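Visitor: Protein chains in written order, with the working numbering: chain A, 8 to 321; chain B, 273 to 440.
Hints listed in this document are in silico derivations from the structure and should not be mistaken for laboratory results.
As the structure is a prediction and not an experimental result, all values here were calculated from the model.
Ideal placement from N, C-alpha and C gives every residue a C-beta, glycine not left out.
Check each hint, because a few of them may be wrong.
[What the hints assert, rightly or not] Derived Cβ-Cβ restraints for the label pairs, each shown as a range:
| hint | chain 1 | residue 1 | chain 2 | residue 2 | range |
| --- | --- | --- | --- | --- | --- |
| 1 | A | Ala51 | B | Thr382 | 22 to 32 Å |
| 2 | B | Gly395 | A | Glu27 | 18 to 28 Å |
| 3 | A | Val265 | B | Ser316 | 45 to 55 Å |
| 4 | A | Glu241 | B | Ala408 | 50 to 60 Å |
| 5 | A | Thr58 | B | Ala399 | 18 to 28 Å |
| 6 | A | Gly298 | B | Arg312 | 50 to 60 Å |
| 7 | A | Val265 | B | Ala363 | 19 to 29 Å |
| 8 | B | Ala429 | A | Gly234 | 46 to 56 Å |
| 9 | A | His35 | B | Ala411 | 15 to 25 Å |
| 10 | B | Asp335 | A | Val265 | 30 to 40 Å |
| 11 | A | Glu48 | B | Ala411 | 18 to 28 Å |
[What the hints assert, rightly or not] To list a few chain B residues with every Cβ distance to chain A over 12 Å, as calculated:
| hint | residue |
| --- | --- |
| 12 | Pro318 |
| 13 | Thr319 |
| 14 | Asn331 |
| 15 | Asp335 |
| 16 | Thr433 |
[To be verified] Which chain A residues face chain B? A few, computed with CB under 10 Å, are given here:
| hint | residue |
| --- | --- |
| 17 | Asp12 |
| 18 | Gly14 |
| 19 | Met15 |
| 20 | Leu20 |
| 21 | Asp21 |
| 22 | Glu49 |
| 23 | Gln57 |
| 24 | Leu60 |
| 25 | Pro309 |
| 26 | Ala310 |
| 27 | Asp311 |
So the chains spell out like this:
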Amino acid sequence: MSHLDEGMLHTLLDGEATAEQATAWRAHLAACPACASRLAEEAALRVRAQTALDAVVPDPIVVAVPTGRGRRWRAPLAWAATIAVAVGAGWLLRGAWPGAPAAAPEGEGAAKAIASARAPAAPVTEMAAPTASVPPDGRAVPAPAPAARDRAVPAAPPADAAGRKQERQAAADVAAAPAPAAGAAAPVAQNTAAERARVEAASGVRAAEAPARRANADVDAAARALGGSLRRLEGATLAGVATEEGAAVSRWQLADGVVVVLRQEMQRGLAPGDTLLREADRRASARWRDGDYELTLEGPLPADSLLRLARRVH
Amino acid sequence: MTDPLADLFTTYHASLVRMLYRRTGDRERAEELAQETFARAVASPPTSPRAWLFAVALNLLRDEGRRTVRQERRLVLLKGELPASAPPPDAELERRECRDRVLRALDQLTPRDREALLLQAEGLSYAEIAEATGLAPGAVGTTLARARRRLVDADRALHETGAADVAS
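Given the sequences, and given the hints that come with them, work out the whole structure.
Guide: Next up, the structure:
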């Protein structure tokens with residue numbers, strides 16, 4: 008018979024050949040070195056393709072739920088802290104954007120609301136290949152133990168309005184907390200811009216770009232306000248520093264002209280070792296703990312680039 | 273939920289989400305589309321579920337068209353990473369880069385090739401793939417062969433481009 012084309016070879020490799028086809032094709036392969044060698048190539052290709060696809064699984068999404076304003080963030084239930092909750096955090100924030108409430112809700116209530124929203128409605132199998140962020144020290148979102156794989160996945164919002172409202176408020180608290188200075192999502196920017204305006208009006212602090220000759224003075228002022236040294240972004244040029252209530256906000260220009268904003272403030276409860284990463288369409292922000300401070304780096308970059316930059320903050 | 277539907281959900285939900293994620297690169301959207309798919313299964317429970325579910329999911333994707341990109345797409349808490357005092361593990365960054373690269377490579381496939389490939393990766397048989405995508409059953413093998421080659425080639429090309437960028 009004539010040689011085997013790639014369609015036949017893959018059909019064979021996928022175990023989809025009929026008995027007749029398999030017999031005929033295998034007979035040919037036994038007699039034809041060219042096709043046999045071709046089969047080996049296609050088999051290797053098939054494995055490479057599968058390996059590539061295996062790399063494409065989404066990150067676990069864990070939402071840290073505040074237990075009280077300013078206190079350490081802690082998930083209400085033990086499993087929520089360590090298991091990836093397969094609910095898009097985005098939908099938690101969905102209701103928060105327009106007219107996000109200024110006041111944070113009762114932390115415990117919000118935490119409970121979210122916990123109850125995640126209470127199992129129907130058991131769902133966790134993703135077969137959950138990706139866990141695996142840091143060197145082993146504290147991580149681990150791959151769930153088999154017993155723990157059945158996890159409620161409320162991909163749809165909870166049915167009761169009260170729960171939803173509390174979740175929105177809690178989510179607004181989550182959303183409002185990092186407040187990247189350069190205004191990622193518009194409603195968040197509205198909040199922070201309004202807050203900044205109030206703070207500036209009250210304290211008379213100038214948040215304009217500092218000319219080079221005043222840069223050092225601004226840096227000193229910021230350091231004083233913080234009570235500690237200002238973190239810097241290595242390899243970038245300082246384009247301005249402003250002091251807000253208890254926070255130093257510095258703008259850094261990268262070699263290619265992109266400007267990122269670094270906000271440094273006293274820690275607000277993010278656990279050491281955790282990074283809160285946020286990504287909108289063309290901007291990302293990363294927030295992490297650095298000793299007594301929390302740093303937020305934000306800019307018009309993809310999350311990966313931003314994280315790489317974050318490593319250069321000292 | 274009736275019992276049969278709960279079973280359907282438990283059996284296929286993760287697989288459906290994964291396939292949708294590979295198609296969209298957007299976890300939240302993948303979850304939403306999966307939910308919508310199952311909602312339709314509630315309305316008219318399928319007799320041969322797997323091909324049906326994936327067909328519905330693919331149709332939903334196609335019908336979606338160009339959606340306005342949601343402002344806030346993703347909020348992720350990466351446990352245990354310390355960018356300042358300890359850099360994120362190279363392995364983690366590399367993993368994400370690798371994933372993003374393959375997603376971009378997948379974008380270079382034709383829709384038909386991509387669908388067949390992703391369905392096969394979820395364990396659908398050729399017959400099921402044919403049913404879900406409208407391909408002739410005899411054409412599935414050829415489609416997969418081509419899709420696999422194009423994926424691997426595209427991924428390699430992107431990898432080489434990326435390496436060149438870093439080196440320059």
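Visitor: Against this structure, judge whether each hint is valid.
Guide: Quick rundown of the hints versus the structure:
1. Take Ala51 (chain A) and Thr382 (chain B): their Cβ atoms lie about 23 Å apart, and the range 22 to 32 Å holds.
2. Roughly 24 Å separates the CB atoms of Gly395 (chain B) and Glu27 (chain A), a value that falls within the hinted 18 to 28 Å.
3. At roughly 51 Å, the beta-carbon separation of Val265 (chain A) and Ser316 (chain B) lies within the given 45 to 55 Å, and the hint holds.
4. Between Glu241 (chain A) and Ala408 (chain B) the CB atoms are about 58 Å apart, so this pair conforms to the stated range of 50 to 60 Å.
5. For Thr58 (chain A) paired with Ala399 (chain B), a C-beta distance near 26 Å keeps the hint of 18 to 28 Å intact.
6. For Gly298 (chain A) and Arg312 (chain B), the hinted distance range of 50 to 60 Å is satisfied, since their beta carbons lie about 52 Å from each other.
7. Restraint check, Val265 (chain A) to Ala363 (chain B): a C-beta distance of roughly 26 Å satisfies the suggested window 19 to 29 Å.
8. Evaluation of the 46 to 56 Å hint for Ala429 (chain B) and Gly234 (chain A) yields a pass: the beta carbon distance comes to about 52 Å.
9. Between His35 (chain A) and Ala411 (chain B) the beta carbons are some 21 Å apart, a value that agrees with the proposed interval 15 to 25 Å.
10. For Asp335 (chain B) and Val265 (chain A), the Cβ-Cβ distance of about 37 Å falls inside the hinted range of 30 to 40 Å, so the restraint holds.
11. Here the CB-CB span from Glu48 (chain A) to Ala411 (chain B) is close to 21 Å, well matched to the stated 18 to 28 Å.
12. No beta-carbon of chain A comes within 12 Å of the beta-carbon of Pro318 (chain B); the shortest separation is about 18 Å.
13. With a cut of 12 Å on Cβ distances, Thr319 (chain B) stays outside the contact zone with chain A, its closest approach being about 21 Å.
14. Asn331 (chain B), annotated as away from the interface, keeps every beta carbon of chain A farther than 12 Å; the closest lies near 19 Å.
15. At roughly 19 Å from the closest C-beta of chain A, the C-beta of Asp335 (chain B) stays outside 12 Å, upholding its exclusion from the interface.
16. For Thr433 (chain B), the shortest C-beta to C-beta distance to chain A comes to about 16 Å, beyond the 12 Å cut-off, and the non-interface label holds.
17. Given hint, Asp12 (chain A) at the interface with chain B, holds; its Cβ is 7 Å from that chain's nearest Cβ, closer than 10 Å.
18. Given hint, Gly14 (chain A) at the interface with chain B, holds; its Cβ is 3 Å from that chain's nearest Cβ, closer than 10 Å.
19. Of the supplied interface hints, the one on Met15 (chain A) holds, with its beta-carbon coming within about 7 Å of a beta-carbon of chain B, less than 10 Å.
20. With 10 Å as the threshold, the beta carbon of Leu20 (chain A) comes within range of chain B, its nearest partner Cβ sitting at about 9 Å, so the hint holds.
21. Because the smallest distance between the Cβ of Asp21 (chain A) and any Cβ of chain B comes to about 7 Å, under 10 Å, the interface hint for this residue holds.
22. Satisfaction of the interface hint for Glu49 (chain A) is found here, the shortest Cβ-Cβ separation to chain B being roughly 7 Å, below the 10 Å cut-off.
23. Interface hint at Gln57 (chain A): satisfied, since its Cβ lies 7 Å from the closest Cβ of chain B, which is below the 10 Å cut-off.
24. A least Cβ separation of about 5 Å between Leu60 (chain A) and chain B falls short of the 10 Å threshold, and the interface hint therefore holds.
25. A distance limit of 10 Å between C-beta atoms decides the matter here; for Pro309 (chain A) the minimum to chain B is near 8 Å, and the interface restraint holds.
26. Interface restraint check for Ala310 (chain A): the shortest CB-CB distance to chain B comes to about 8 Å, inside 10 Å, so the restraint holds.
27. Evaluation of the Asp311 (chain A) hint against chain B yields a held restraint, the C-beta minimum of about 6 Å falling below 10 Å.
In terms of the numbered hints stated before, the structure departs from none.
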